[in-house]
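K.L.:
Letter by letter, the chains look like this.
2 protein chains.
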Amino acid sequence: MAVYTHLSAETLGDLIAEYDVGEVISAKGIAEGISNSNWLIETTGKNGAGDAGARFILTMYEYRINVQQLPFFLNLLDHLAAKGCPVPATIHDREGNAYRELDGKCIALIEFLPGVSVDRPTPQQARAVGEALAQIHVASADFPMQRKNDLRPADWRKLFDQCGDGAIAAINSDLAQSVSKHMPQLLLEWPTDLPVGTIHADLFPDNVLVLGDQVSALIDFYFACTDFVAYDLAVTHAAWCFTPDGREFNRDISNALIEAYSSICALSEPEIAALPILAKGAAMRFIATRTYDWINTPADALVMRKDPMDYVRRLHHYDALGGSAFSPLA
Amino acid sequence: MAVYTHLSAETLGDLIAEYDVGEVISAKGIAEGISNSNWLIETTGKNGAGDAGARFILTMYEYRINVQQLPFFLNLLDHLAAKGCPVPATIHDREGNAYRELDGKCIALIEFLPGVSVDRPTPQQARAVGEALAQIHVASADFPMQRKNDLRPADWRKLFDQCGDGAIAAINSDLAQSVSKHMPQLLLEWPTDLPVGTIHADLFPDNVLVLGDQVSALIDFYFACTDFVAYDLAVTHAAWCFTPDGREFNRDISNALIEAYSSICALSEPEIAALPILAKGAAMRFIATRTYDWINTPADALVMRKDPMDYVRRLHHYDALGGSAFSPLA
Chain A
1 MAVYTHLSAE TLGDLIAEYD VGEVISAKGI AEGISNSNWL IETTGKNGAG
51 DAGARFILTM YEYRINVQQL PFFLNLLDHL AAKGCPVPAT IHDREGNAYR
101 ELDGKCIALI EFLPGVSVDR PTPQQARAVG EALAQIHVAS ADFPMQRKND
151 LRPADWRKLF DQCGDGAIAA INSDLAQSVS KHMPQLLLEW PTDLPVGTIH
201 ADLFPDNVLV LGDQVSALID FYFACTDFVA YDLAVTHAAW CFTPDGREFN
251 RDISNALIEA YSSICALSEP EIAALPILAK GAAMRFIATR TYDWINTPAD
301 ALVMRKDPMD YVRRLHHYDA LGGSAFSPLA
Chain B
1 MAVYTHLSAE TLGDLIAEYD VGEVISAKGI AEGISNSNWL IETTGKNGAG
51 DAGARFILTM YEYRINVQQL PFFLNLLDHL AAKGCPVPAT IHDREGNAYR
101 ELDGKCIALI EFLPGVSVDR PTPQQARAVG EALAQIHVAS ADFPMQRKND
151 LRPADWRKLF DQCGDGAIAA INSDLAQSVS KHMPQLLLEW PTDLPVGTIH
201 ADLFPDNVLV LGDQVSALID FYFACTDFVA YDLAVTHAAW CFTPDGREFN
251 RDISNALIEA YSSICALSEP EIAALPILAK GAAMRFIATR TYDWINTPAD
301 ALVMRKDPMD YVRRLHHYDA LGGSAFSPLA
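Taken in sequence, the protein lines are chains A and B. Numbering (UniProt numbering) for the first sequence: 1 to 330. Numbering (UniProt numbering) for the second sequence: 1 to 330.
Excised from the complex, chain A in its bound form (with noise of 0.2 angstroms):
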């Protein structure tokens, strides 16, 4: 989380010179995202007048996004906000390119919505998201691009063969254990056949603006991806659904997220009977990114890295919890 590349004001401003928002009057680098650096820009506005203090996102893509992709996710933004979804739209430079490049790195100009990131979320909250989430999938019904979600299953035992047993072992033995367990029957008996549109896969709390009970924007789109709707229910259930560390699941969370989403997009049979696997899944998933990052994070990088087992936490919850955890479906 923090900014890696320095931007002069001059480069900043000779950048902005390339939109129609006014000129540069506040960059702050901000301390979001792990694989881009991020600006908040305030500018004078469109023509200099009227609309002072405009304020915009500047993301600069460092690592780890394919840029060939970069159209995919800022489309779906455009796509999304031009259906009225709570997602910030994308800013066309003078000639209509919704990126550019700055130093061999491609930069993306998004529009800056309010909001707060919560930590400890409320029922309602919970139930706001549910509604958003499900608000993206149906605007994103006819989005016309499509991106293969690159953390599937076999994705995710890629991830694990390259960290080697020893090495995750080393980190925590339930961590081996629960890996070696799971991952057989998520590769055996992961869904092939479920609805699949475009999902956003990584709705954390992090990801998600809200003022008071409101969810005033969803961010961060760049594992946005097409695959099962439900897997992305499944995924948002196991990033709010439980106490960070992954002890304690919360059950009128739960509930209030479940019912706002389906209370919008109504889940099919084989949708429900799927949601215990694919919510192992999404705490696998997690599990494998974290132990990859943990084992290949250099000791100096600027990111902070995350405890992998409080994913592991949440598997075993969805292990003994079954269907139960989304009862109003069961």
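One or more hints might be untrue.
To be verified - Counterexamples of contact, computed for chain B against chain A with all Cβ distances above 10 angstroms:
id, residue
1, His6
2, Ser8
3, Glu10
4, Ile30
5, Ala31
6, Glu32
7, Asn66
8, Gln69
9, Pro88
10, Asn97
11, Gln124
12, Ala134
13, Asp142
14, Ala176
As the list claims (entries may be wrong) - The calculated BS3-like cross-link candidates involving lysine-lysine, where the alpha carbons are at most 30 angstroms apart (straight line), are:
id, chain 1, residue 1, chain 2, residue 2
15, A, Lys148, A, Lys105
16, A, Lys105, B, Lys306
17, A, Lys46, A, Lys83
18, B, Lys105, A, Lys306
19, B, Lys46, A, Lys46
20, A, Lys148, A, Lys83
21, A, Lys306, B, Lys46
22, A, Lys105, A, Lys306
23, A, Lys158, A, Lys181
24, B, Lys148, B, Lys46
25, B, Lys46, B, Lys105
26, A, Lys105, A, Lys181
Simulated from the structure, these hints should not be mistaken for lab results. No residue lacks a Cβ here, since even glycine has one placed at the ideal position from N, Cα and C.
Since the structure of chain A is already known, use the hints to place chain B on it.
P.N.:
Showing chain B alone in chain A's frame:
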């Protein structure tokens, strides 16, 4: 340059409720500050109406700051802001406190001022900075508090001693030689009887916000202290009048800075005569802290180490130029 502490939206909301500034509608950790964490906070404004989009900087003091000195820094901001200087005023809480405690650390809420920090200042910007520096020297003449400068020549010597000759030479042999050659003179010949005032003592381009050619804010007063006012001009000169790596001296910027400053605060003959040694001292002060930080910054710190050689080169320039570095006054 990082946010060292996670503040939940809930904690932040409770904190901001202690001030008469409305409710939080956005909070972004910003990548500024080495010894503190900072957030750019937007609120609904007083009474939640009218001045929507009120913005503040929330600072949490993490390291280095002696809490007993906070009143000096914060009262100085209020004193200067009240006199119309371009500095952010401190926002006091409902009980009138300029700072509060949160999780055992001190925090202050400070006015947000627009502007950007330039990397390559123009002579016009240097002129505006010279005027603003003089303005704070004039405005602080009746500031009643005092704070000893804890980075004077004997303190630099202590920092070098703590580093050890071997470690200094291991960074760069020219660094070691420059310290050996110039520290004795600085200790022996450092002025003792120049006019004293309240000085910023760290007025780098980083710490000045501009809008075009105008200074919109002087910020980061956490090295402010009571010392020779001409030393403040020397520090500012060292910070502004060279390329960042110290290789090139920019005469136009130097002239603009000195002319603008002295048009408001005329320097006495002894001050003018002392400028060469004050400037060498200014270079040595940053050599000392950068050398110390270079040796003592853990490899995994969230802080980028700054190269002390940038200031060794400035020291060489000042040694070679003598009084001619300040030619409008010579």
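K.L.:
Give a verdict on every hint.
P.N.:
Taking the hints in turn, this is what the structure says about them:
For B/His6, the non-interface assignment is contradicted: its Cβ lies about 8 angstroms from the closest Cβ of chain A, within the 10 angstroms cut-off. Its closest Cβ contact with chain A, about 4 angstroms, brings B/Ser8 to no more than 10 angstroms, contrary to its assignment away from the interface. The claim that B/Glu10 is not at the interface with chain A is violated, since a C-beta of that chain comes within 10 angstroms of its own (minimum 6 angstroms). For B/Ile30, the non-interface assignment is contradicted: its Cβ lies about 4 angstroms from the closest Cβ of chain A, within the 10 angstroms cut-off.
Not every beta carbon of chain A lies more than 10 angstroms from that of B/Ala31, the smallest distance being close to 4 angstroms; the non-interface claim is violated. Against the 10 angstroms criterion, B/Glu32 falls within the reach of chain A, whose nearest CB is about 7 angstroms from its own CB. Distance check on B/Asn66: its Cβ is at least 25 angstroms (rounded) from any Cβ of chain A, clearing the 10 angstroms threshold; non-interface status holds. Distance check for B/Gln69 against chain A: the nearest CB is about 26 angstroms away, which clears 10 angstroms, and the non-interface claim stands.
With a minimum CB-CB distance of about 13 angstroms to chain A, B/Pro88 clears the 10 angstroms threshold, and the non-interface call stands. Every beta carbon of chain A lies more than 10 angstroms from that of B/Asn97, the smallest distance being close to 24 angstroms; the non-interface claim holds. Listed as a non-interface residue, B/Gln124 keeps its Cβ farther than 10 angstroms from every Cβ of chain A; the least gap is roughly 14 angstroms. Every CB of chain A is more than 10 angstroms from the CB of B/Ala134 (nearest about 23 angstroms), matching its label as outside the interface.
B/Asp142, annotated as away from the interface, keeps every beta carbon of chain A farther than 10 angstroms; the closest lies near 32 angstroms. For B/Ala176, the condition that its CB be more than 10 angstroms from all CB atoms of chain A holds, with the nearest at approximately 26 angstroms. Proximity of A/Lys148 to A/Lys105 is assessed by CA-CA distance (about 23 angstroms); at most 30 angstroms being required, the pair is judged to hold. Taken as a hint, the A/Lys105 and B/Lys306 pair is honoured in the structure, with Cα atoms around 24 angstroms apart against an allowance of 30 angstroms.
A hinted pair counts as satisfied when its Cα atoms are at most 30 angstroms apart, and A/Lys46 with A/Lys83 qualifies at roughly 23 angstroms. Taking the CA atoms of B/Lys105 and A/Lys306, the gap is about 25 angstroms. The hint holds against a cut of 30 angstroms. Between B/Lys46 and A/Lys46, the direct Cα distance comes to roughly 27 angstroms. Compliance with the 30 angstroms bound is thereby established for this hinted pair. Straight-line distance between C-alpha atoms of A/Lys148 and A/Lys83 comes to about 23 angstroms, which keeps the hinted pair within the 30 angstroms bound.
Using a Cα cut-off of 30 angstroms, the hinted pair A/Lys306 and B/Lys46 is violated, with the two alpha carbons roughly 38 angstroms apart. At roughly 27 angstroms between alpha-carbon atoms, A/Lys105 and A/Lys306 fall within 30 angstroms of each other, so this suggested pair holds. Proposed proximity of A/Lys158 and A/Lys181 is supported: the alpha carbons are some 16 angstroms apart, at most 30 angstroms. In summary, the hint linking B/Lys148 to B/Lys46 is not supported, as the alpha carbons are separated by about 37 angstroms, beyond the 30 angstroms threshold.
For the given pair, B/Lys46 sits about 26 angstroms from B/Lys105 by alpha-carbon distance, which is consistent with the 30 angstroms threshold. As the CA atoms of A/Lys105 and A/Lys181 are separated by approximately 41 angstroms, the hinted pair breaks the 30 angstroms bound.
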